[in-house]
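Student: What follows is the residue order along each chain.
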Amino acid sequence: MLFTSYGFILFLLVLFILYYAIPIKYQWVLLLIASFTFYSFSGWDNVAYITVTIIVTYIGATKIGQLHSQQEAFLKENRDKLSREEKKAYREQVKSKQKKYLIACLLLDLGILAVLKYTNFVISNINSVLRVFKAGEISFLDIALPMGISFYTFQAVGYLVDVYRGKYPPEKNLGKFALFVSFFPQLVQGPISRFDDLGRQLYGGHVFDAKNVSFGIQRILWGFFKKLVIADRILPAVRTITQNPDTYQGIYVLLGMVFYAVQLYADFTGGIDITIGIAEVLGIKVKENFERPFFSKSTAEYWRRWHITMGTWFRDYVFYPVSISGFMMKVSKFSREKLGEKIGKKVPVYLSTIIVWFATGIWHGASWNFIVWGLLNCLVIIVSQELEPFYAWFHSRFNVREKFLFKLFQVGRTFILMSAIRILDCYRNVPVTFRMYRSLLTKWNVNELFNGALLELGLEKTDYYVLIFGIIIMITVSLVQRSGSIREKLAARPYIVRYVAYVGLFISIIVFGAYGIGYDSNQFIYNQF
Amino acid sequence: MRTGKKIAKWVVSALVTIVLLGLLQNLLMPKYMTKILEGALISEYYREKNKEHDVIFIGDCEVYENFSPVTLWQEYGITSFIRGSAQQLIWHSYYLLEETLAYEKPKVVVFNVLSMKYDKPQKEAYNRMALDGMPLSLSKLKAIKASMMEDEQFITYLFPILRYHSRWSELSTEDFKYLFRKDNVTHNGYLMRVDVKPVTSIPQPKKLANYRFSDTCYEYLDKMTKLCKENGIELVLIKAPTLYPHWYDEWDQQIEEYARKNDLLYINFLKHVDEIGIDYQTDTYDAGLHLNLSGAEKLSRYFGKILQEQFDLPDRRNDEELSEVWEAKCERYNREMEEQYAELEEFGYLKAFSAGRDDN
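Quick mapping for you: the protein sequence lines, in order, are chains A and B. Under the working numbering, think of the first position of the first sequence as 1481, with each following residue one higher. Under the working numbering, think of the first position of the second sequence as -14, with each following residue one higher.
The hints are simulated quantities; they were obtained by calculation from the structure and are not laboratory data. A virtual CB, placed ideally from N, CA and C, is assigned to each residue, including glycine. Hints are supplied without guarantee of correctness; some may be wrong.
List of simulated lysine-lysine pairs, DSBU-like, C-alpha gap at most 30 Å [to be verified]:
#1 B:K314 / B:K102
#2 B:K336 / B:K314
#3 B:K224 / B:K314
#4 B:K(-9) / A:K1969
#5 A:K1691 / B:K(-9)
#6 B:K(-10) / A:K1691
#7 A:K1941 / B:K20
#8 B:K(-10) / A:K1969
#9 A:K1969 / B:K(-6)
#10 A:K1561 / A:K1577
#11 B:K(-9) / A:K1765
#12 B:K108 / A:K1941
#13 B:K34 / B:K90
#14 B:K(-6) / A:K1691
#15 A:K1941 / B:K336
#16 A:K1941 / B:K162
#17 B:K125 / B:K192
#18 A:K1941 / B:K16
Going by beta-carbon spacing under 8 Å, a handful of chain A positions derived as facing chain B [unchecked claim]:
#19 Y1486
#20 T1942
#21 I1987
#22 I1990
#23 G1996
#24 I1997
#25 G1998
With the sequences and hints as input, model every part of the structure.
Tutor: Okay, here's the thing in structure tokens:
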């Protein structure tokens, strides 16, 4: 069931009414039923996979939690009987048992994800090698990736690791835990929530609050606007350019990069707006996933503002554990000995960064495009970091001041750089993408932008007008948001202003949205991850 | 703010929004007043002030292009209306009939059986032409449910703005001109054409793997028969005398058999072409697919006699009130006929039916 389908809108209406009609202590049960109902529309086999993840994680976390409690009780009981060393040995013994449960559960949870998502990718790589030796081919598995598996698996893994770290005790109620993993608004494309943040809100119960409901609906509408008016309208041009690399080269590659940046931003943030809006109507605050990323002045800043919950997840559950792992300690010691203190201490940091970006890349998709995408991001971040002293010298030498125009240049530079890397999502493979990068630098065909060729990309003049209108509104909203919530600001305006704004938004979606017969119905891009 | 005031504000806002959306929907829906006139046929019935007809025709283009209610009136004093639409399928016809019976009880219902060959919806455009013109009713809801193609959505029939929203980029003066009113493009459902395109060759009929009409079609034909019987209406099955698409003997036999079993009159006009006097060199405007005015009038004269004799339909020309109404209809009919002949003389083709030719 797509967020933009009529069925989903009906589903929401029924849910919202029921949610506030039943006693609040049963609201979480309704949400659990709604979440599984929603997910069952994607197929019962998908329900089976998520159920396995929920049960495995629940049992693992419960066992780990029990060991924690037993340890606490044992140490309390024997506080005076045991020596410090004995206590330490006991703790290590418990930790070791907990680690076994943790590893077993991680293997199972991530194993399902790995098998479903990466088996065919591995087979295709093995086949490439086999073809070289003319040794036949392995058949691909006929498996479809369950909707949102990357998101709910990461959410479950985060919970498990937090329980292992003793951050909070495990949830005792299987149903409540199942709701945390399967909460439908964020099931398909995130944000990746933390249990200590979302859990309590899901189970607490919420009384009807007109402001929440009104703000939530406004946020949902804004998401629909971005998805239907902008993302889905620009989609044909992105497809035409990137699926016909022999025809569309040079300036079209740049155009494709910019168009895809607009499409992905409008699509992904639009989806997240809908998610956050639905949760808001239900009285639940879901973490923001974007903070106007296209206003970033550097790549590192961009990644702090784009897909925030994924970035922090990788930081907390991959970067930190890898950085302080025994192996990395050895690498650190070795590199400092061999390369000197200054360079040597950077080696483990950069190695951890590379691992994180490799994982981020392959999490986005089982293909070399995404791996290269991740590594290119990593390269840009490391190079930027290394060049910082040079930038500082350059700025002071040439008296570069951080004024508006310079900031604008930085924003533009980051936007183009990120767009160039991001276009790897779209082209058939890595060699084609690099061929297109080359053509961008070698083929000078700017004149084609003005000879009517733009109207052959699957967009008509009127589509461009709508896009310009939509993008101007999207940028204006972002600019206004810099000084606080636009909804709060609008709420302080006279009723007629609010009425015109929201009815105008609603009518714009109805009239200018790219939906229905004649338009390709398009899944949210992040559904597939 | 007091609760009462707040509620009033919300109610007014909701009403204004509904009115705005309604206006927008009216604006964006195709008007079908020029070029694709077929889209305007179904809604014309509801604007008809006097809905007391002796005969109601239901079916596809083989009814709305081939029978002239004005001729039936002029020759026999029979009042009739054609509830036809482009490629009207049998379930469209059935629900249109069901809905028509909520307005009036005709003596005779004439159904053209060509649509028995289709057991599935064919094209969204034809669904739209049959259904968009119907006002909201239970029959309409059932018709939508029966008609939808796989990629169609029920809600878009209830709120057509969801289907036609993208027409904002092709709005013309016609859309504004007909925002609140529509002109009649037919004469009691008959879409007049006076141009001529003689039959030169007819495509050879292909052999079919299965000639049996589907259960779905029989189911609707049964429902139609039952509905007419329950309402004391005579159902007449006809096959119009158009040469293409081909009407197979195997199909003809099935309808004959059905009519015999259900005690219905079935006339295959293809078997009476000479008696009717149809000349395929002068009586068709598209080489045998449809009849033109000359052909439609001949067929109506022939059929009117049968209707009058078999079903004892009264000659209503003596009814003064009715005569006045029909006189106006005849005047409009003659006026359009003259206009079409004049246009044909001047341009060599009829503008209203020649989409795109104006630009050449």
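Student: It remains to establish, for every hint, whether it holds in the given structure.
Tutor: Here's how the hints hold up against the structure:
1. Of the supplied pair hints, the one linking K314 of chain B and K102 of chain B is violated, its CA atoms being roughly 34 Å apart against a limit of 30 Å.
2. Distance restraint check for K336 of chain B and K314 of chain B: the Cα-Cα separation of roughly 22 Å lies within the 30 Å cut-off, and the hinted pair is therefore satisfied.
3. Straight-line distance between C-alpha atoms of K224 of chain B and K314 of chain B comes to about 27 Å, which keeps the hinted pair within the 30 Å bound.
4. Restraint check for K(-9) of chain B and K1969 of chain A: satisfied, since their Cα atoms lie roughly 21 Å apart, inside the 30 Å limit.
5. Under the criterion of a C-alpha separation no larger than 30 Å, the hint pairing K1691 of chain A with K(-9) of chain B is consistent with the structure, at around 15 Å.
6. For the hint linking K(-10) of chain B to K1691 of chain A, the alpha-carbon distance of about 18 Å falls within 30 Å, and the restraint holds.
7. With a CA separation close to 24 Å, the supplied pair K1941 of chain A and K20 of chain B stays within the 30 Å bound.
8. For the suggested pair K(-10) of chain B and K1969 of chain A, the alpha carbons sit about 23 Å apart, so the restraint of at most 30 Å is met.
9. Straight-line distance between C-alpha atoms of K1969 of chain A and K(-6) of chain B comes to about 21 Å, which keeps the hinted pair within the 30 Å bound.
10. Distance check on the hinted pair: K1561 of chain A and K1577 of chain A sit about 23 Å apart at the alpha-carbon level, within 30 Å; holds.
11. Restraint check for K(-9) of chain B and K1765 of chain A: the C-alpha separation of about 28 Å stays at or below 30 Å, so the hint holds.
12. This hinted pair checks out: K108 of chain B and K1941 of chain A have alpha carbons roughly 28 Å apart, not beyond 30 Å.
13. With a CA separation close to 15 Å, the supplied pair K34 of chain B and K90 of chain B stays within the 30 Å bound.
14. The straight-line distance between the Cα atoms of K(-6) of chain B and K1691 of chain A is roughly 17 Å, inside the 30 Å bound, and the hint therefore holds.
15. Distance check on the hinted pair: K1941 of chain A and K336 of chain B sit about 28 Å apart at the alpha-carbon level, within 30 Å; holds.
16. Note on K1941 of chain A and K162 of chain B: the hinted pairing holds, with a Cα-Cα distance of about 25 Å set against a maximum of 30 Å.
17. At most 30 Å may separate the alpha-carbon atoms for a hinted pair to count; K125 of chain B and K192 of chain B exceed this at roughly 36 Å.
18. Straight-line distance between C-alpha atoms of K1941 of chain A and K16 of chain B comes to about 24 Å, which keeps the hinted pair within the 30 Å bound.
19. The beta carbon of Y1486 of chain A is positioned within 8 Å of a beta carbon in chain B (closest approach about 5 Å), and the interface hint is therefore held.
20. With a cut of 8 Å, the hint placing T1942 of chain A at the interface with chain B holds, because the nearest CB-to-CB distance is about 4 Å.
21. The interface hint given for I1987 of chain A holds, since its Cβ lies 7 Å from the closest Cβ of chain B, which is under the 8 Å cut-off.
22. The closest approach between the C-beta of I1990 of chain A and any C-beta of chain B is roughly 6 Å, which is under the 8 Å cut-off, so the hint is satisfied.
23. For G1996 of chain A, the interface hint holds, since its Cβ comes within 8 Å of a Cβ in chain B; the closest pair sits about 6 Å apart.
24. Against a cut-off of 8 Å between C-beta atoms, the interface hint on I1997 of chain A holds, since the closest Cβ of chain B lies about 6 Å away.
25. Hint on G1998 of chain A holds. Least Cβ distance to chain B is approximately 6 Å, under the 8 Å limit.
Hint compliance for this structure: hints 1 and 17 are broken, all remaining hints hold.
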